[in-house]
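Residue numbers (this note's numbering), protein chains in the order written: chain Z, -9 to 148; chain V, -11 to 131.
Quick caveat, the hints were computed from the structure, so don't treat them as lab data. No experiment lies behind these values; they were computed from the predicted model shown. Every residue, glycine too, gets a C-beta built ideally from N, C-alpha and C. A couple of the hints might just be wrong.
Unchecked claim - In the SDA-like style, the derived pairs of lysine to any residue whose C-alpha atoms are separated by at most 20 Å in a straight line are:
1. V/LYS72 to Z/ARG120
2. V/LYS72 to Z/SER16
3. Z/LYS24 to V/ILE9
4. Z/LYS24 to V/SER105
Claimed, not checked - Which residues of chain V face chain Z? A few of them, derived with a C-beta cut under 8 Å, are:
5. GLU18
6. GLY103
7. LEU120
To be verified - Derived CB-CB ranges, DEER-like:
8. Z/PRO43 to V/LEU(-7): 40 to 48 Å
9. V/GLY106 to Z/PRO86: 16 to 24 Å
10. Z/ILE11 to V/ASP76: 28 to 36 Å
11. Z/GLY63 to V/GLN70: 45 to 53 Å
12. Z/GLY141 to V/LEU(-7): 45 to 53 Å
13. Z/GLY141 to V/PRO12: 41 to 49 Å
14. Z/LEU58 to V/ARG27: 41 to 49 Å
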Amino acid sequence: MSDPGARGAAGEPVPDIPTRIRTGLSAGFRTALKIIKVSIPLYVAVTLLKGTPVLDLLGRIFAPVMGLFGLPGEAAFAFVAAFLLNLYAAIAVIVPLHLTPFQVTQCGLMMGIAHNLVVEGGVLSTTGARGWVLTVCRLVIACAAGLLLRGLSLLGAW
Amino acid sequence: MDVLLAALAGAVKLSAKLILIIVPLVTVFEVLRHVSLFRRAGNLVEPVMRGVGLSRDAAIPLFTGIFLGIAYGAGIIIRVAQQKKLPDRELFLMGLFLATCHSVIEDILIFVVIGGSGVAMLGVRLGLAVLLTGLMARVWKPA
């Protein structure tokens, strides 16, 4: 499995286990640093935003759209928390709303697709993919999924 | 001032978490990727991957992302993208799949805990991911 000079399927020489561990540790650190460099400034920026009226304002803007997905207007604040922060922040908003099981599923579906967009968008960019295109995709897909689930529930499939 | 301090404390915690998860993950991946059993597992998922326009080289980053999420999955995605030189097309298709369907265990469970239906959430996300990525793979032909 690790005899020196052995060849992998791709034709590359197979290094021994200590070498692989060393490669893994150094590559792991380099990769982690790369991700940290991108995500930390974004994380700090978004956290600071939390202290401003911006989140509240966004929630009020999006409240009227919530009906499309079968959700009450207050759920918009949970979506703002999910999109900009993370799912735990969103759940903290959802629990006091006493939603129906369908509504909780709807939130979980849509927010599961689109959450923590700022930090994860940055992380996606570091992989070489187009981070902002994928972030727009996530928002569009989340809305599509929400409409789909709403449609299924109206058809009585729920 | 308190807000800034809290943000910085959170930032340190997030960095520590990223290092603690990504470093062991990449190390285990480096050790295992030459093992033949691991390679055969790649063969097994190959037909499924081909349906959404991905090669077996994308299998490990894809499954890491599906189960662990984007931030930790990125550790493996970056590593594999560098080694195997995954083409732009595959990086995008994988990104699209993961955008729709990632971190499926943790993210769905926390909503199941507060009363959501796990089957509906997982079903719609997985279905949409396969559908959208499969469609996109047919629109964006390999060069």
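Pair hint Z/LYS24 and V/SER105, alpha-carbon separation not exceeding 20 Å:
Violated, because 36 Å separates the two Cα atoms, which is more than 20 Å.
Given hint Z/ARG120 paired with V/LYS72 - CA-CA distance at most 20 Å
holds (18 Å)
Less than 8 Å between beta-carbons is the criterion; does V/LEU120 satisfy it with respect to chain Z?
holds (7 Å)
Quick one, are V/LYS72 and Z/SER16 close enough, alpha carbons at most 20 Å?
Cα-Cα ~18 Å, so holds.
C-beta pair Z/GLY141, V/PRO12: status relative to the range 41 to 49 Å that was hinted
holds (43 Å)
Cβ-Cβ distance between Z/GLY63 and V/GLN70: within 45 to 53 Å?
This hint holds: roughly 46 Å between Cβ atoms.
With 45 to 53 Å as the target window, see if Z/GLY141 and V/LEU(-7) comply at their CB atoms.
Hint holds: Cβ distance 46 Å, inside 45 to 53 Å.
Restraint outcome when V/GLY103 is required to lie within 8 Å of chain Z by C-beta distance:
holds (5 Å)
C-beta pair V/GLY106, Z/PRO86: status relative to the range 16 to 24 Å that was hinted
Holds, at about 22 Å.
For a C-alpha distance cap of 20 Å, please report whether Z/LYS24 and V/ILE9 respect it.
Holds: Z/LYS24 and V/ILE9 sit about 14 Å apart, inside 20 Å.
Confirm or reject the claim that Z/PRO43 and V/LEU(-7) have a C-beta distance inside 40 to 48 Å.
violated (21 Å)
With respect to the beta-carbon atoms only, verify the hint that Z/ILE11 and V/ASP76 lie 28 to 36 Å apart.
holds (32 Å)
Hint violations for this structure: numbers 4, 8, all remaining hints satisfied.
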